[in-house]
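Quick mapping for you: the protein sequence lines, in order, are chains A and B. Under this note's numbering, the first residue of the first sequence is numbered 1, with each subsequent residue one higher. Under this note's numbering, the first residue of the second sequence is numbered 1, with each subsequent residue one higher.
No wet-lab data here; the hints were simulated from the structure. Take these hints with a grain of salt, some might be off.
Facing chain A, from chain B, some residues (calculated, C-beta under 8 Å) [what the hints assert, rightly or not]:
(1) 21
(2) 73
(3) 75
Every beta carbon over 12 Å from chain B, so not counted as near; a handful from chain A, in silico [claimed, not checked]:
(4) 138
(5) 247
(6) 275
(7) 472
Predicted, not measured: the structure shown is a model, and the values here were computed from it. For glycine and all other residues, C-beta sits at the position ideal for the given N, C-alpha and C.
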Amino acid sequence: MTDHHDFDKNYLENGKGFKSWFFTVDHKRLGVMYLWAIGVFFVLAAIASFLIRFEHLSPGQTIISAQTYNVLFTLHGAVMVFLFIVPGVAASFGNFLIPLMIGARDVIFPKLNLYSFWIYCAGSLILLLSLAAPVDTGWTFYTPYSIDTGTNVILVTFGVFVLGFSSILTGINFIVSMHKLRAPGLTWDRLPLFCWAAYATSLLQVLATPVVGITLLLLIGERYFGLGFFDPAKGGDPVLFQHFFWFYSHPAVYIMILPAMGIISEVIPVFSRKPIFGYKAIAYSSLAIALISFLVWGHHMFTSGQSKLINIIFSVITFAVAVPTAIKVFNWLWTMYKGSVELSAAMLYSLAFIFLFTIGGLTGLFLGALAADVHLHDTYFVVAHMHYVMIGGTVFGLFSAIHFWYPKMWGKMFDEFKAKIAFTLIFIGFNIVFFPQFILGTQGMPRRYFNYAPEFETLHQLSTYGTWILGVGFIYMLYTLFKPVGAADANPYRSVSLEWQMPSPPPTLNFKEIPTVTTSTYDYGTKVEQEA
Amino acid sequence: MASANPYKTYLNIWLLLMFLTFITVYAAEFDFGALNVPIALLIASVKAGVVALHFMHLKYEDSMTWVFAIYPLFLLFLLIAFSATDIFTRVAN
Ligand code: HEM
Ligand SMILES: [Cu+2]
Numbered sequence: 001m002t003d004h005h006d007f008d009k010n011y012l013e014n015g016k017g018f019k020s021w022f023f024t025v026d027h028k029r030l031g032v033m034y035l036w037a038i039g040v041f042f043v044l045a046a047i048a049s050f051l052i053r054f055e056h057l058s059p060g061q062t063i064i065s066a067q068t069y070n071v072l073f074t075l076h077g078a079v080m081v082f083l084f085i086v087p088g089v090a091a092s093f094g095n096f097l098i099p100l101m102i103g104a105r106d107v108i109f110p111k112l113n114l115y116s117f118w119i120y121c122a123g124s125l126i127l128l129l130s131l132a133a134p135v136d137t138g139w140t141f142y143t144p145y146s147i148d149t150g151t152n153v154i155l156v157t158f159g160v161f162v163l164g165f166s167s168i169l170t171g172i173n174f175i176v177s178m179h180k181l182r183a184p185g186l187t188w189d190r191l192p193l194f195c196w197a198a199y200a201t202s203l204l205q206v207l208a209t210p211v212v213g214i215t216l217l218l219l220i221g222e223r224y225f226g227l228g229f230f231d232p233a234k235g236g237d238p239v240l241f242q243h244f245f246w247f248y249s250h251p252a253v254y255i256m257i258l259p260a261m262g263i264i265s266e267v268i269p270v271f272s273r274k275p276i277f278g279y280k281a282i283a284y285s286s287l288a289i290a291l292i293s294f295l296v297w298g299h300h301m302f303t304s305g306q307s308k309l310i311n312i313i314f315s316v317i318t319f320a321v322a323v324p325t326a327i328k329v330f331n332w333l334w335t336m337y338k339g340s341v342e343l344s345a346a347m348l349y350s351l352a353f354i355f356l357f358t359i360g361g362l363t364g365l366f367l368g369a370l371a372a373d374v375h376l377h378d379t380y381f382v383v384a385h386m387h388y389v390m391i392g393g394t395v396f397g398l399f400s401a402i403h404f405w406y407p408k409m410w411g412k413m414f415d416e417f418k419a420k421i422a423f424t425l426i427f428i429g430f431n432i433v434f435f436p437q438f439i440l441g442t443q444g445m446p447r448r449y450f451n452y453a454p455e456f457e458t459l460h461q462l463s464t465y466g467t468w469i470l471g472v473g474f475i476y477m478l479y480t481l482f483k484p485v486g487a488a489d490a491n492p493y494r495s496v497s498l499e500w501q502m503p504s505p506p507p508t509l510n511f512k513e514i515p516t517v518t519t520s521t522y523d524y525g526t527k528v529e530q531e532a
Numbered sequence: 001m002a003s004a005n006p007y008k009t010y011l012n013i014w015l016l017l018m019f020l021t022f023i024t025v026y027a028a029e030f031d032f033g034a035l036n037v038p039i040a041l042l043i044a045s046v047k048a049g050v051v052a053l054h055f056m057h058l059k060y061e062d063s064m065t066w067v068f069a070i071y072p073l074f075l076l077f078l079l080i081a082f083s084a085t086d087i088f089t090r091v092a093n
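Please construct the entire structure, taking both the sequences and the accompanying hints into account.
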């Protein structure tokens, strides 16, 4: 093992080679490895989606067969959801930042943390092995088709089952760390909002993930042993699968978005030079989301044959869960009000988050309204809605974080100007891909369809052209990030939060002495900042 | 830990669990109709509760730990309650 007590070495220099990374217990190295892993899976799944879009350049077959199409959207959805966005921001930036932000030398169970990463690798590998006979069910594995199809459903679902343990263990690690390792003086009401968001995310990971694990085991049991949980002929109920699946997967959409919301809450005050507005409202709304999100899963099932009564109940509660989300948006806007706003690349991604995520969120309310959903369910409207949330929200939040903490993570600076060009391409490309899909959806274009009626051609082509701009934007962003321009200061943005009060990149053990916290994390434009 | 002689407690708990296992097997000999599953679940729940309280030390933990232990049961209740509401209020058309 490398020498973990060499305080002068930063975490990147402390040990070289595969072993020093793959066996590390340093939360920062684990965070960086997660970031690499989700980055690779994002690229893989993005390539699949660009092929899907290319296929839609014309009706009928353009480049791939119908079966390949089904496989590609399943691969795209499953990799994006289970390998990229669920571990996503929480595993990468959560690992890197939480100990730094709470003034600790590591998470509370460093070995368990490494173990989670290994489980993540194993689960991903199992899921990808299924490519030998690639699955065509869609990422939701709905019965009865997932029982009947000849493709490799068992490997994929078993992969997701294994990945679940990684998610649960990481969640436990973060929760206990935040309870037990906060530096002296760092009370709950001084905790950075990213930590609050990560805390709420961890709760969801711990509480919801077991349900999807068990559900997928039941599915495997039904496929392999012919047990009758979901088959009506054997006394089962196919809609029960959807209940169990969405009991996890709705909370999971908040696993995807909450950490990104945490990032926005960190970036906005720094580049507005103002204390965050409504700290408590933002902190508690994360918890409120974590609690209420367990009560709305049936809004994915309005057209499944679910009873009318439960449809109404789920629809009403769905509108309630929009409230804590809106609270956050208003508080971010108010934080910027009369601030000294600096449009850095990181800030641009955060601003785009607010704008795009609001579109994604509000169109979610269309889908939560019973009558509208009967028309919009399983159309491209849903595809547009979820991508406004998952790309416009989570991916833009992730990109904001990658730019914002770049100096801290790598000890270097990137070219701001080029980064802004990349942002512009991504922002424009994204909207050209997905905005037309809202219209396609309202006109009745179903999702997951290989073919389409000729009247949809123009909008489909527009959407496909958008992916080319988006793709160039992604590549240009990567190019900018891989070509640093000079070394970074410890605190280039004059942030007052703890992780910036140490060298960049951070030393292996983070803090020579555990700091004592005496002020809030957001003391911008106040006496504390002027003294600093 | 609170107990003066934990090993004695552990032994007693183990004996109780063995006894409950015996009850489970014995109950399986009879047909209670619709009550078959609820009865089996009830006995199993008592066992799980005893294990959580004693072997997993929940009995000696603070209130925060209790919150974390109880809340998932509430979620389980929600999962069953909402799914059952669906299944028992569907009307064939
Ligand atoms: C990189 C740019 C992306 C493009 C161009 C893209 C494109 C698409 C398209 C066209 C579909 C619809 C396929 C169909 O219904 O026939 C789709 C489905 C989907 N996408 Fe994306 N997507 C992108 C990124 C993402 C991201 C970041 C996520 C989530 C993390 C994601 C998650 C999904 C999911 C879950 C589905 C549903 C798959 C299914 O129906 O089983 N996508 N995507
Ligand atoms: Cu949902």
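Which earlier hints can't be squared with this structure?
-> Numbers 1, 2, 5, in rising order.
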